[in-house]
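Chains as they are written, first to last, in this note's numbering: chain H, 6 to 179; chain B, 5 to 120.
Treat the hints with caution; some may be incorrect.
Quick list of in silico lysine-lysine cross-link-like pairs, BS3-like style, CA-CA up to 27 angstroms [stated by the list, open to error]: (1) K78/B with K61/H; (2) K155/H with K37/B; (3) K57/H with K68/B; (4) K68/B with K150/H; (5) K37/B with K49/H; (6) K68/B with K84/H; (7) K68/B with K155/H.
Just so you know, the hints here were simulated from the structure itself, not pulled from any lab data.
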Amino acid sequence: MTHTALIIAAALAVPAAAGAQAVNDAQIASIVVTANQVDIDAGKLAAQRASKPEVKQFGQLMVTDHTGVNKAAVDLATKLKVTPQDNPTSQSLKAGGDKNIANLKTLKGAAFDKAYVDQEVAYHTAVLDAVDKTLIPNASNADLKALLVKVRPAFVAHLEHAKQIQASLGGAQK
Amino acid sequence: MTPAWRRGAVIALWAIVVAAAAGAGAMLVRTPKPVTHTVTIDGTSYKPARLAVHVGDTVVWENKDIIPHTATAKGGAFDSKMLATGATFRFIVKTKGGSDYACLYHPTMTGRIDAE
């Protein structure tokens, strides 16, 4: 796992360690929107700068899918009159995402592809862990919980897809 | 009534009964009227994931998910291309046999159509 991925994984793990009442619905909404935006930003960069076509396509897929998830999340928050509330997890996610982008911008060609795909594997692993251990268990509104349950299989698919590309590129970066 | 005539009448009656039975049998094995089946795409999965159909039936995939998907047959029999949220794709089953299909974007999403 890359250094940035570790930071993001640690950010997502905080509420899980802090207990069941760690996050409320407004904070969950903020975590969901931020987590999606972080992956959209990295995906946009990969769609432009990746060298292998499958990595470019994966980047574009992340932009499309996470934009779709964010639209649904924002629509739901608006309907429920919930204002996403900034919190330590969303702040750490944003900081980790910015750091990841800064690192990726220093890389080119195969090194970029490998760093991006390794990051995507680590990121989706961490996000799924947070969805299962923190976000779904803590969501009190039934519609918010249902949205999280509905999008979970897409994140599993992204993780599997990223792992397939990672294997085709020669395995995880050391 | 002479015995010969009676025997002829019995044979004729049996011929009618057998013909009627054969006709009814033919009606029973006739291909069923084509129907339309719907596969709902939601939560990055096909529901139902496995579908039994007859040749001539129509299968409609409807994307009720919040992200785009495809329904793409591995053997090339059909390909919905990208289905945005709310989009549908229709396919008329032309041949017997099984067709495994998947989403081009999400490899964990798989389905199958078995046509008789």
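Each hint, compared with the structure:
no.	hint	in the structure
1	K78/B with K61/H	holds (23 angstroms)
2	K155/H with K37/B	violated (36 angstroms)
3	K57/H with K68/B	violated (32 angstroms)
4	K68/B with K150/H	holds (18 angstroms)
5	K37/B with K49/H	violated (49 angstroms)
6	K68/B with K84/H	holds (19 angstroms)
7	K68/B with K155/H	holds (11 angstroms)
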